[in-house]
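Single-letter residue listing:
There are 2 protein chains.
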Amino acid sequence: MQRHLDQELTQLKEALVRMAGLAEQSIGLSVKALVSRDAEMARQVIASDDAINQMEIEIDELCLRTLALYQPEAGDLRLIAMALKINNDLERMGDQAVNIAERTVELLKEPLLKPLIDIPRMAELAQRMVKDSLDAFVQLDPAKAKAVCEQDDAVDRYDDQIFRELLTYMMEDTKAITRSVNLILVSRHLERIADHATNIAEDVIYLVEGRNIKHHAQDRSPA
Amino acid sequence: MQRHLDQELTQLKEALVRMAGLAEQSIGLSVKALVSRDAEMARQVIASDDAINQMEIEIDELCLRTLALYQPEAGDLRLIAMALKINNDLERMGDQAVNIAERTVELLKEPLLKPLIDIPRMAELAQRMVKDSLDAFVQLDPAKAKAVCEQDDAVDRYDDQIFRELLTYMMEDTKAITRSVNLILVSRHLERIADHATNIAEDVIYLVEGRNIKHHAQDRSPA
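Protein chains in written order, with this note's numbering: chain A, 1014 to 1236; chain B, 1014 to 1236.
Chain A on its own, in the form it takes in the complex (with noise of 0.2 angstroms):
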């Protein structure tokens, strides 16, 4: 029975595995479209969402029937109730990825308001915050779980230093306005990226070192 137990468990890191791989990259490519202003990949971004939406449902099934079939015990039964919850945060990465991609459409109806530095650096940092994060859930490694925690202050200074320089550009030139909002509101999805890569990383230190490291950093944006 155990042995069916950790087969199913075994399937259920790596459909969380897989599922993180399509959040990564639309991640990737709804800033890639961004910068290299292709309105038809942001689009293809918007068109995915469906394949990581499908997968939260199929993910959620796996965990309820785990549950239901093997009645795991103790630490099994917390690593289903975190796969619910780490699930939950993907899809959600996914979600971001979409709207960066929708602000995108919006920015390319405009020429380009400033070469984009920040914004990519922030979005590479958000990427491999979810990866990182994924990584110290299937091995269960709360030291790497930790350096994920840590990176989130980094994004949290990005997101507000690119809110303060936008307001610059705002303030000295009014047809700025639009793009500089759509870019803030980008930045804000990446922060939002990384704060649920912080959640699956504060999870898995829970469920390694049993003590709560939630909400001692909370998600408050910065600026």
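Read the hints as simulated data drawn from the structure, not as lab findings.
A couple of the hints might just be wrong.
Output of the computed footprint for chain A on chain B, the stretches with three or more beta carbons under 8 angstroms from beta carbons of chain A [claimed, not checked]:
(1) 1077-1089
(2) 1095-1106
(3) 1191-1201
The beta carbon of each residue, even a glycine, is placed where N, CA and C say it ideally should be.
Using the hints, position chain B against chain A.
For chain B alone, coordinates are given in the frame of chain A:
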């Protein structure tokens, strides 16, 4: 055994209703602080987030304990899995209320930009959606849940309208920029709260009717 399980499930529902009450209260106070220009009230909202966070941890533990002790099947199992999700949604709503309170603290550093009409209406609507989504859950009432999903469009229209109006303010007067951006962010936070309530309502429909309406009306921001 089933009777004990039923008692636990009742306790779980009551805890979620209490937590929803706290979230609703935070949302209401954060917007009241904004409208009445009360920085002290805004800081209260920020401080009270700890209580919501603590409650999330306790409800998670209650879910896990119930799963471990009673190994519930079918409908009861789904109900508990759903409670885990609702719990997460409620905690995120609390975070959004904190975000609004933080924007409020910023906004109070400058004079009132304009009388706030749409934001309080939008907040009222969002609060009602939170309450109704929890009622739908407790009563397992899919009709009430559908009514919540339908209100989400009205919230999106408010968000859209507020976005456009504030863009105009910024275009006309660069001194209005910082306040306008902060009000746009408040509107976005309210829109996210309504999304969380809609998620809960969709989960209720799924639980009762066994079909997934999620991801049809996606939480894509309209503006």
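Hints versus structure:
1. 1077-1089: Contact hint for the region 1077-1089 of chain B vs chain A: holds, 6 residues under 8 angstroms.
2. 1095-1106: With 3 residues closer than 8 angstroms to chain A, the region 1095-1106 of chain B meets the three-residue bar; holds.
3. 1191-1201: Satisfied; 5 residues make the cut.
Against the hints set out earlier in the document, no violation occurs for any number.
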